[in-house]
Amino acid sequence: MATVHTPLLRILLATCLFVASILPPLTPRAAAQDADAALAHLDFRQVVKEAKEKVFPTVVFIKVVREDMQRGEKKAQEVAGSGVIISADGEVLSNWHVVDKAIEVRCMLQDGRAFPAKVLGSDKDVDVALLKLELPTNSPPLAFATLGDSTKLTEGDFVMAMGAPFGLARSVSIGIISCTKRYLPTASEYSIWLQTDASISPGNSGGPLVNTRGEVIGLNTRGTASFFGGDNGFAVPIEVAQEVSGQIRKYGKSDWSWTGLQLQPLKDFNRNVYFPENEGVLVAETDPDSPARRAGIEAGDRLVKLNGQPFNGLTQEDLPDLRRDLGLLPKDQPAKIELVRKGETRIVELIPRAKGKVEGDTLDCPRWDFTVRAINQFDNPNLYFQRNEGVFVYGIKVPGNAASTGLAMQDILLKIDGQDVKTLDDVKSIHAEAVANVKSKHRIVLTVLRNGELRQIVLDFSREHQKD
Amino acid sequence: MNKLIATLAAVFATAVLAITVHATEKASDAAKLVSAVMPALVQVQYHLQFDKADAPAGGLGNERCPGCGKYHGDALKKYLDEERPVETAGFLIAPDRVVTVDPLIHPRFIKSITVKYRDASSEAAVAGLSPERKAAVLTLSKPLSGAVPLKFGDKTADDLSVIYYGREGGKWVAQIHPFPKNATVPDSGEPYRLMMIRGVVVNADGVPVGVVQGSRLPLDNSWQGSPMDWKLVSSDNLAAQLSKLESVSRAGLVRVSLGFRSPKGGSDASQAYRYRRGMMDDDDEDGSTQRNVLGLLLPGNKVLVLANFKARVTARLERITVHPAEGDPVEATFDASLKNFGAFVATLEKPLPGEMKMSAADLLALREKLLLRADVSVQGETRTDYFQTARIATCKVGPREHLYPELDEPEAEDAFLFTTDHELLALPVAAREQISGGQSQSYSYSQAQIELTPSVLLTAAVAGLPDTADASNAPMSEEDENRLAWLGVELQPLNRELARANGVADQTRDGETGALVTFVHPDSPAAKAGVEAGCVLLRLQVPGQALPVEVQIEEDYMRAQAFPWDRLDEVSEVYFERIPTPWPAVENEFVRALTDLGFGTRYTAEFFVDGKLVTKDFEVVAGPPHFDAASRYKSESVGVTVRDLTYDVRRYLQRKTDEPGVVISKVETGSKASVAGIKPYELITDVNDQPVHNVKDFERLTAAGGELKLSVKRMAKGRIVTVNVGGN
Numbered sequence: 004m005a006t007v008h009t010p011l012l013r014i015l016l017a018t019c020l021f022v023a024s025i026l027p028p029l030t031p032r033a034a035a036q037d038a039d040a041a042l043a044h045l046d047f048r049q050v051v052k053e054a055k056e057k058v059f060p061t062v063v064f065i066k067v068v069r070e071d072m073q074r075g076e077k078k079a080q081e082v083a084g085s086g087v088i089i090s091a092d093g094e095v096l097s098n099w100h101v102v103d104k105a106i107e108v109r110c111m112l113q114d115g116r117a118f119p120a121k122v123l124g125s126d127k128d129v130d131v132a133l134l135k136l137e138l139p140t141n142s143p144p145l146a147f148a149t150l151g152d153s154t155k156l157t158e159g160d161f162v163m164a165m166g167a168p169f170g171l172a173r174s175v176s177i178g179i180i181s182c183t184k185r186y187l188p189t190a191s192e193y194s195i196w197l198q199t200d201a202s203i204s205p206g207n208s209g210g211p212l213v214n215t216r217g218e219v220i221g222l223n224t225r226g227t228a229s230f231f232g233g234d235n236g237f238a239v240p241i242e243v244a245q246e247v248s249g250q251i252r253k254y255g256k257s258d259w260s261w262t263g264l265q266l267q268p269l270k271d272f273n274r275n276v277y278f279p280e281n282e283g284v285l286v287a288e289t290d291p292d293s294p295a296r297r298a299g300i301e302a303g304d305r306l307v308k309l310n311g312q313p314f315n316g317l318t319q320e321d322l323p324d325l326r327r328d329l330g331l332l333p334k335d336q337p338a339k340i341e342l343v344r345k346g347e348t349r350i351v352e353l354i355p356r357a358k359g360k361v362e363g364d365t366l367d368c369p370r371w372d373f374t375v376r377a378i379n380q381f382d383n384p385n386l387y388f389q390r391n392e393g394v395f396v397y398g399i400k401v402p403g404n405a406a407s408t409g410l411a412m413q414d415i416l417l418k419i420d421g422q423d424v425k426t427l428d429d430v431k432s433i434h435a436e437a438v439a440n441v442k443s444k445h446r447i448v449l450t451v452l453r454n455g456e457l458r459q460i461v462l463d464f465s466r467e468h469q470k471d
Numbered sequence: 002m003n004k005l006i007a008t009l010a011a012v013f014a015t016a017v018l019a020i021t022v023h024a025t026e027k028a029s030d031a032a033k034l035v036s037a038v039m040p041a042l043v044q045v046q047y048h049l050q051f052d053k054a055d056a057p058a059g060g061l062g063n064e065r066c067p068g069c070g071k072y073h074g075d076a077l078k079k080y081l082d083e084e085r086p087v088e089t090a091g092f093l094i095a096p097d098r099v100v101t102v103d104p105l106i107h108p109r110f111i112k113s114i115t116v117k118y119r120d121a122s123s124e125a126a127v128a129g130l131s132p133e134r135k136a137a138v139l140t141l142s143k144p145l146s147g148a149v150p151l152k153f154g155d156k157t158a159d160d161l162s163v164i165y166y167g168r169e170g171g172k173w174v175a176q177i178h179p180f181p182k183n184a185t186v187p188d189s190g191e192p193y194r195l196m197m198i199r200g201v202v203v204n205a206d207g208v209p210v211g212v213v214q215g216s217r218l219p220l221d222n223s224w225q226g227s228p229m230d231w232k233l234v235s236s237d238n239l240a241a242q243l244s245k246l247e248s249v250s251r252a253g254l255v256r257v258s259l260g261f262r263s264p265k266g267g268s269d270a271s272q273a274y275r276y277r278r279g280m281m282d283d284d285d286e287d288g289s290t291q292r293n294v295l296g297l298l299l300p301g302n303k304v305l306v307l308a309n310f311k312a313r314v315t316a317r318l319e320r321i322t323v324h325p326a327e328g329d330p331v332e333a334t335f336d337a338s339l340k341n342f343g344a345f346v347a348t349l350e351k352p353l354p355g356e357m358k359m360s361a362a363d364l365l366a367l368r369e370k371l372l373l374r375a376d377v378s379v380q381g382e383t384r385t386d387y388f389q390t391a392r393i394a395t396c397k398v399g400p401r402e403h404l405y406p407e408l409d410e411p412e413a414e415d416a417f418l419f420t421t422d423h424e425l426l427a428l429p430v431a432a433r434e435q436i437s438g439g440q441s442q443s444y445s446y447s448q449a450q451i452e453l454t455p456s457v458l459l460t461a462a463v464a465g466l467p468d469t470a471d472a473s474n475a476p477m478s479e480e481d482e483n484r485l486a487w488l489g490v491e492l493q494p495l496n497r498e499l500a501r502a503n504g505v506a507d508q509t510r511d512g513e514t515g516a517l518v519t520f521v522h523p524d525s526p527a528a529k530a531g532v533e534a535g536c537v538l539l540r541l542q543v544p545g546q547a548l549p550v551e552v553q554i555e556e557d558y559m560r561a562q563a564f565p566w567d568r569l570d571e572v573s574e575v576y577f578e579r580i581p582t583p584w585p586a587v588e589n590e591f592v593r594a595l596t597d598l599g600f601g602t603r604y605t606a607e608f609f610v611d612g613k614l615v616t617k618d619f620e621v622v623a624g625p626p627h628f629d630a631a632s633r634y635k636s637e638s639v640g641v642t643v644r645d646l647t648y649d650v651r652r653y654l655q656r657k658t659d660e661p662g663v664v665i666s667k668v669e670t671g672s673k674a675s676v677a678g679i680k681p682y683e684l685i686t687d688v689n690d691q692p693v694h695n696v697k698d699f700e701r702l703t704a705a706g707g708e709l710k711l712s713v714k715r716m717a718k719g720r721i722v723t724v725n726v727g728g729n
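One line per chain: the protein sequences are A and B, in this order.
If you read the first sequence in this note's numbering, its first letter stands for residue 4, the second for the next number, and so on.
If you read the second sequence in this note's numbering, its first letter stands for residue 2, the second for the next number, and so on.
No lab work stands behind these hints: they were computed from the structure.
Just so you know, not all the hints are guaranteed correct.
Below, computed lysine-lysine pairings styled on DSSO-like, alpha-carbon distance capped at 27 Å [what the hints assert, rightly or not]:
{"no.": "1", "chain 1": "A", "residue 1": "418", "chain 2": "B", "residue 2": "613"}
{"no.": "2", "chain 1": "A", "residue 1": "339", "chain 2": "B", "residue 2": "718"}
{"no.": "3", "chain 1": "B", "residue 1": "152", "chain 2": "A", "residue 2": "270"}
{"no.": "4", "chain 1": "B", "residue 1": "718", "chain 2": "A", "residue 2": "127"}
{"no.": "5", "chain 1": "A", "residue 1": "270", "chain 2": "B", "residue 2": "657"}
{"no.": "6", "chain 1": "B", "residue 1": "78", "chain 2": "B", "residue 2": "152"}
{"no.": "7", "chain 1": "A", "residue 1": "270", "chain 2": "B", "residue 2": "143"}
{"no.": "8", "chain 1": "B", "residue 1": "710", "chain 2": "A", "residue 2": "358"}
{"no.": "9", "chain 1": "B", "residue 1": "718", "chain 2": "A", "residue 2": "345"}
{"no.": "10", "chain 1": "A", "residue 1": "270", "chain 2": "B", "residue 2": "718"}
{"no.": "11", "chain 1": "B", "residue 1": "79", "chain 2": "A", "residue 2": "345"}
{"no.": "12", "chain 1": "A", "residue 1": "78", "chain 2": "A", "residue 2": "121"}
{"no.": "13", "chain 1": "B", "residue 1": "657", "chain 2": "A", "residue 2": "360"}
{"no.": "14", "chain 1": "B", "residue 1": "718", "chain 2": "A", "residue 2": "425"}
{"no.": "15", "chain 1": "A", "residue 1": "184", "chain 2": "B", "residue 2": "718"}
{"no.": "16", "chain 1": "A", "residue 1": "270", "chain 2": "B", "residue 2": "697"}
{"no.": "17", "chain 1": "B", "residue 1": "718", "chain 2": "A", "residue 2": "360"}
{"no.": "18", "chain 1": "B", "residue 1": "718", "chain 2": "A", "residue 2": "308"}
{"no.": "19", "chain 1": "B", "residue 1": "657", "chain 2": "A", "residue 2": "345"}
{"no.": "20", "chain 1": "A", "residue 1": "345", "chain 2": "B", "residue 2": "697"}
{"no.": "21", "chain 1": "A", "residue 1": "418", "chain 2": "B", "residue 2": "710"}
{"no.": "22", "chain 1": "B", "residue 1": "79", "chain 2": "B", "residue 2": "112"}
{"no.": "23", "chain 1": "A", "residue 1": "184", "chain 2": "A", "residue 2": "308"}
{"no.": "24", "chain 1": "A", "residue 1": "308", "chain 2": "B", "residue 2": "714"}
{"no.": "25", "chain 1": "B", "residue 1": "143", "chain 2": "B", "residue 2": "112"}
{"no.": "26", "chain 1": "A", "residue 1": "345", "chain 2": "B", "residue 2": "667"}
{"no.": "27", "chain 1": "B", "residue 1": "718", "chain 2": "A", "residue 2": "358"}
{"no.": "28", "chain 1": "B", "residue 1": "718", "chain 2": "A", "residue 2": "334"}
{"no.": "29", "chain 1": "A", "residue 1": "135", "chain 2": "A", "residue 2": "66"}
{"no.": "30", "chain 1": "A", "residue 1": "444", "chain 2": "B", "residue 2": "657"}
Pulled out of the complex, with its shape left as it was, chain A reads as follows (with noise of 0.2 Å):
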């Protein structure tokens, strides 16, 4: 979690409602008689210790070693997750959080055999990733888990967590799914999620959530709960899973469609907006340069039909499939869209382009002692509003030279030295000249964009921090 500096963070995290991962107690749940006593026609021991024993081989402890560049320069450090194999030649499903910028990823099986992983791929959004095993040659098909049907499930199923919460590798936990279709504000870009009061913590993160039947209908993803307690954990249904990696497979990398639309509800309870009409979905804006915009759609516009379906977004709930059906329309071709305007029914051709990039890239400025990042439209929209190009202050180092500047993160780099930046390659280069020659020049002039407002700073580089 990031340093609190001012009181506006120190409101913002004293209201929040949510944490992003939260410690549930470690004590066994004293479950089992009671179940028995209230699945009296079942013998849920049998249910559950078959499947486990269908599962768990399938199961998956993952380190990885994962580089970071969030604190000003780049670091390495490990962390642990949870997967399920999904093919007999060593596919894994797991989470796109806990293999993200992995430079080595290393699985165990619950047999205690250990291999390396290649990450075939991960999609922030839906926070999904699919790794290859790097099996020996030769080796014998491996167990696989057989996929479920989530849009089954209904609240009060039972289902097991099975993972390797805080590194505790082959634990199981039982609980039921308590809500099908949860909608999380910020987290669902095309997917709902199935929450369950199973026990999920950190560690479980990418193992499989499954039902009673031994299928794996979800990736465990987020374990959060209120300050007062509770479980309440997340998962991401397998068909979104399964849609990902489908992507993967076939393009090496998760490929979404973006058409700029922003979606809105006919029907708000949190915030008692209701408008009166009971088909299609609002428009809420549609982001600048996008498709959307060139199409002429506008916002207060209601979509009723996409492709002549019906295109019907009347709670939040519905939001991340109809965002989805944008997301996997075909690139490049011109979609049939029927909107309502002032009553004013009207038919407009959307072509969507490829979504690209979520994230920017990043760079690390050793000496200086601050890392870039490439501004990027969908992770740094407030920067990408100030400006649609160009690279921005990621971490700093602390102590370090850009530190005692007062450079900040969000800090928008300008110029360096009057040198016009725009990418990281143009930071590259300026930065590696100016390290070699840092004996006879160790002092340049950053140009940036704070809030808004031009700010120079001058950065002494000639001290060396990192000097043990």
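Given chain A, work out where chain B should sit, using these hints.
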């Protein structure tokens, strides 16, 4: 060799002997000189006390040295702390009379007076004060056994000595000093002799010829003679004079209550921000709307209100009410603030009796003469008055070469000085500070310097209106109140590194002053003068003002981080008012200083451009409306306050002037808007599909009530919000 040494030793021994003999002779001389005086040397002790909450204050013990001009001695409270009386020498001039220096202590602080001679002591009381000399005569309640009054001989100019009586090394001693031969000859007026010591003056035979209590004597011997022959103002007479002073000062020096418009409410955050940056002073720290000050009734139904308000405080002044000593309050209207003095002039709506008479007497000639003093102050609607005698210790050259009187008491900030004719001679007025920019100067917490100012200077300033007025320091309409001057530049304060990198270390005290121009607003005065971003603004020079206006801005650490737009939804509505604006405030130390110069003032700005000093001439002009001063409209039904999109907000949000929108400056908790997820600093661009260009549009379009459809924007994101405000 041995012979030589012996000779030298003999010579040396002779010399030593001679000196000793001489000293013995002098000692006997000394004994002779003081013998007649010694039995008359007494110690006068003033036993002090607190009066109400006030610690004793006064001249004695803290006198201004005629030699160096500084104050010597301890504040009177120290004597109370140490549980001892403050003491001075007295000279017995009759069995029950002692002459001593005028203590200049208000009787309320004197518990008792004791006069001691060796083991004998007596209670004493002030019989009278000398109007000409800094002396008091005490009467003793009983004679002091063993003490002998001075017997004065004939006046003479020959071979005089001064016998001083006082503590030396903690012990009371008599000291013999030669009578000084110095003379001071002023350009005009009588020559005089400066006396560094007080005491009894004796002739060569030790016969007293006079007593010295002040620090000046005429060059002839007219001052000699027994103090019994001095003219004296008796205590009864003094009491009558002070009583007359009371009626004069109560009539002519009146309480004036001032009513102010409430200051514009900013968000909590912006108030805290202003406070932190030292942009609030005592005058408006509590945004007070009612203040009580003193006013002086002048001829022509004028009242001089003694209040040193900054322009932004006077701007809110709405009502001036004069409360005479007797009768109903009278309203007054504002005329003008004085440029050089912390006071303003107002005209009474109907005449009031008691107009103050001003004295134009020569201050120098009045030094050490008996004067009257009124200490008047107001605390809210309460008024406190104390009356006593006073003497001018010396005069100093003050602002603009005028002579200012000084009392022996350095802290007397409420003292009004009157002649014995009850004419006002000098009054406490703050000297108006020059506008010099920067937090370390005019925006610091320091109080303005109160000067005991000759009344003639103020009468001249009042008579000289409007030339002596500060036109920018006047009441304003609410709309004009928040108008700020602008040059049209955005500035980043320099620091050491930036100053050096830009080659202006010598021009800016190594980055302590000066600012980088980071942006020049189109069509602004700066843009028209060809100022370009990247240069350094060093300072402003204002003709007729001695100090340059330094460009000194404090770094705004609140804005060191990007505004967390993406986390706005997580903020509980109860904290909305604490969220600082995403855009920087237009008002900063530089803009404030520029505004305080007054619209229309001409100035020269010094820039450093490409290694050269460049000056450009400007006039202080009002800037376009800014966020803090933008027109606003509060919709009770929706629960938001919206403001016009001013240039600063448009710049931040990159909205062109023709693009619609009003900015939400406040969201009421629990309101329709808050429930609908509307957050501060979002824009409303349309209401019911009609574009909103200003708050008037918003007011008109929301007036219909019923179901309102609002288009809301937050940076690049947007949404449509419906609120049902009823009343359709």
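Going down the list of hints, with the structure as the test:
1. A:418 with B:613: Status holds; Cα separation ~23 Å.
2. A:339 with B:718: Given that 27 Å is the threshold and the Cα spacing comes to 24 Å, the pair holds.
3. B:152 with A:270: Status violated; Cα separation ~112 Å.
4. B:718 with A:127: holds (20 Å)
5. A:270 with B:657: Answer violated: residue 270 of chain A to residue 657 of chain B is near 33 Å, above 27 Å.
6. B:78 with B:152: Distance of about 37 Å is beyond 27 Å: violated.
7. A:270 with B:143: violated (103 Å)
8. B:710 with A:358: Status violated; Cα separation ~32 Å.
9. B:718 with A:345: holds (22 Å)
10. A:270 with B:718: holds (19 Å)
11. B:79 with A:345: Not satisfied, since the Cα-Cα distance of roughly 86 Å exceeds 27 Å.
12. A:78 with A:121: With Cα atoms ~20 Å apart, residue 78 of chain A and residue 121 of chain A stay inside 27 Å; holds.
13. B:657 with A:360: violated (30 Å)
14. B:718 with A:425: Holds, at about 24 Å.
15. A:184 with B:718: holds (25 Å)
16. A:270 with B:697: violated (30 Å)
17. B:718 with A:360: holds (20 Å)
18. B:718 with A:308: Holds, at about 23 Å.
19. B:657 with A:345: holds (26 Å)
20. A:345 with B:697: holds (24 Å)
21. A:418 with B:710: violated (43 Å)
22. B:79 with B:112: holds (16 Å)
23. A:184 with A:308: holds (23 Å)
24. A:308 with B:714: holds (26 Å)
25. B:143 with B:112: Given pair residue 143 of chain B, residue 112 of chain B holds - Cα atoms ~18 Å apart, limit 27 Å.
26. A:345 with B:667: violated (30 Å)
27. B:718 with A:358: Holds: residue 718 of chain B and residue 358 of chain A sit about 18 Å apart, inside 27 Å.
28. B:718 with A:334: holds (24 Å)
29. A:135 with A:66: holds (14 Å)
30. A:444 with B:657: violated (42 Å)
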